[in-house]
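Novice: Residue numbering for the sequence shown follows this note's numbering, starting at 1 and increasing by one per position.
Hints were generated in silico from the structure; no laboratory data involved. Be careful, since some hints might not be right.
Unchecked claim - Calculated pairs, BS3-like style, for lysine-lysine (alpha carbon to alpha carbon, straight line, at most 25 Å): (1) 156 x 202; (2) 273 x 161; (3) 230 x 161; (4) 273 x 351.
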Amino acid sequence: MKTLDVKLDKLVAQNLDKKVENLEKNSKKQLEKLTGLINKSATGSRRCDHDIMETKLEKLIVNKLETKLDKLLQKNLETKWLERLTKLINKTADPEIVRQLLNGTFDAALKEIETKLEKIRELTHKGNFSGRNSYVWLSTDFFSNRLKTSRVYTLKFGSQKIHVYCHMGDFGCGNGGWTLAMKIDGTKKTFHYDSHFWSDRKPLNFAGGRTGFDSQETKLPTYWNTPFSKICLGMKIGHKIRFFTIYRHANSLYSLIADGQYRATSLGRNTWKSLIGPQASLQKYCNKEGFNAICNDKYSKARIGITSNEWNYCGGCDSRIGFGTGGHFEDTNTCGNEATYSPDNGNLHIKAMGYILVQ
């Protein structure tokens with residue numbers, strides 16, 4: 001009986017070691033393969049998600065696998081399995097029972113871990129993994145609904161590394177990783193419509209990029225260096241922040257704004273008013289909205305926003321809602337809502353804190 005116990009112990013150890021070795025090899029290969037795909041395809045687009053995906057892969061493969069193997073296999077599973085095997089041996093030395101135990105119970109116990117790895121392997125074979133498309137698929141379908149941690153991530157812009165606060169989950173613009181581009185204080189002239197910050201590639205206050213929806217102004221390399229398919233716009237008035245999303249593909253915000261050319265959107269005046277809330281006010285006509293929305297250089301204008309007039313022409317707009325604003329009447333309001341000359345909800349002068357993020 002002792003001889004059988006010794007042989008079985010060796011068989012158990014060999015089987016376990018082989019399984020562990022194979023799983024570790026597969027996990028390392030898969031980690032290298034997926035990391036390679038991410039590094040190859042992350043050419044500046046959705047850099048928040050890129051850093052997050054690497055973190056997720058390490059947690060999913062390294063932590064899940066090693067913790068599971070260590071706690072479940074090396075301790076709990078092996079002990080319980082040997083105890084059960086010993087009981088069976090004490091009852092019978094039938095080699096058929098031993099064979100079934102080795103080929104059945106042990107493999108079944110490992111199935112959960114192998115299934116997790118198999119799901120990861122399937123990801124590398126699903127869809128067309130080439131260029132930016134593969135990266136978009138990974139970040140959108142696999143990670144966006146699984147990561148909810150908003151925190152500071154280290155992003156790479158060429159050879160430069162900066163720390164940026166990435167917003168996860170749905171805070172008002174939909175799920176996914178949102179990368180901050182700008183924060184604008186409407187009480188300051190830093191980002192006035194005529195400011196050089198809209199037309200250059202110079203950053204401002206990196207420290208403001210490491211915090212959430214606060215009152216620190218900032219402009220990050222994300223403004224000129226990050227392609228996107230969605231823009232998240234938010235305004236904070238008092239303690240209330242309201243958001244909406246613009247669905248638009250572009251190489252960067254810089255490419256939409258810096259040249260001063262008007263690029264229209266078709267969101268509607270009510271969508272823009274939703275940033276302000278029930279007190280929002282605009283004149284009824286013109287309603288020129290989008291990027292570089294300007295009626296006349298002297299009158300209301302917005303780098304991102306809507307301008308309106310009391311007459312059905314756009315030569316002298318007296319109201320606006322937007323980011324990077326300026327003009328008649330209150331030229332010092334650079335983010336928020338200005339409305340005079342018969343607006344639909346009375347004269348209004350609201351300076352807001354604005355947030356611009358991309359995904």
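Novice: Run every hint past the structure and note whether it holds.
Specialist: Now the hints, each set against the structure:
Proximity of residue 156 to residue 202 is assessed by CA-CA distance (about 16 Å); at most 25 Å being required, the pair is judged to hold. For the proposed pair residue 273 and residue 161, the alpha carbon gap of about 37 Å is over 25 Å, so the pair is violated. Only pairs whose Cα atoms come within 25 Å are accepted, and residue 230 paired with residue 161 is accepted, the gap being roughly 23 Å. At roughly 14 Å between alpha-carbon atoms, residue 273 and residue 351 fall within 25 Å of each other, so this suggested pair holds.
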